[in-house]
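Taken in order, these protein sequences are the chains called A and B.
The C-terminal residue of the first sequence carries number 113 in my numbering, and the numbering is unbroken.
The C-terminal residue of the second sequence carries number 117 in my numbering, and the numbering is unbroken.
Everything labelled a hint here was simulated from the structure, so no lab data went into it.
As the structure is a computational prediction, the values presented were derived from the model and not from experiment.
A hint or two may mislead.
Said to hold, decoys possible - Pairs of lysine-lysine residues, derived as PhoX-like cross-links and limited to a Cα-Cα distance of at most 20 Å, are as follows: (1) K103/B <-> K41/B; (2) K42/B <-> K100/A; (3) K55/A <-> K103/B; (4) K100/A <-> K55/B; (5) K55/A <-> K73/A; (6) K70/A <-> K103/B; (7) K112/A <-> K78/A; (8) K55/A <-> K78/A; (9) K100/A <-> K103/B.
Claimed, not checked - Covered stretches of chain A, as calculated for chain B (at least 3 residues, CB under 8 Å): (10) 39-47; (11) 80-88.
Where a beta carbon is used, it is the ideal one built from N, C-alpha and C, also for glycine.
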Amino acid sequence: AQTVTQSQPEMSVQEAETVTLSCTYDTSESNYYLFWYKQPPSRQMILVIRQEAYKQQNATENRFSVNFQKAAKSFSLKISDSQLGDTAMYFCAFMEYGNKLVFGAGTILRVKS
Amino acid sequence: GAVVSQHPSRVICKSGTSVKIECRSLDFQATTMFWYRQFPKKSLMLMATSNEGSKATYEQGVEKDKFLINHASLTLSTLTVTSAHPEDSSFYICSARDLRSDKNIQYFGAGTRLSVL
């Protein structure tokens, strides 16, 4: 079974600074998808970024980028120029093609002014 | 992006009553929807996969007679918590996958907070 590990239960960062959230996963599959979802205090799950395993290029979405290391099964999220609105719980998630999402335990990120 | 509406956002009920939660994909069709349960500051726990026109697939340990799922159309899935008890109090979230896209993205509803007295 696939597993997703987020080893940082909580993190904090100063506004405008950069922070990296770590995620590792375990799978025997070669084709899959990886996601980072954000859950702010409203508890609405919001997709932050998505990566296809067959693409070597790291995905980027504005201030959010990932470092995808397929051989190491690592998928970290970098948030640049952190903003107060980035305060949320962040979940790393794995999906085999056409299958269900497997979530990590989550990392609570607090952005301080 | 695709929008998933979940209703109600908050429900308080007496022990022994049943509660129905609706999950609708507003601007896309979804043959598959998912139901999750989340405890405070914890991850999402998949309860079941809802398939349009067929029986839901429940995860191990989830009582199918307690959590009834109906997916009668391509835009609506419902979760009914039957004979609710205080231990069923939780945050329930649904998601749906957009058939039009090959990106395999799940879009989430805003969740339902259930409190059983």
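*Would you pick out the hints that fail for this structure and give their numbers low to high?*
1, 11
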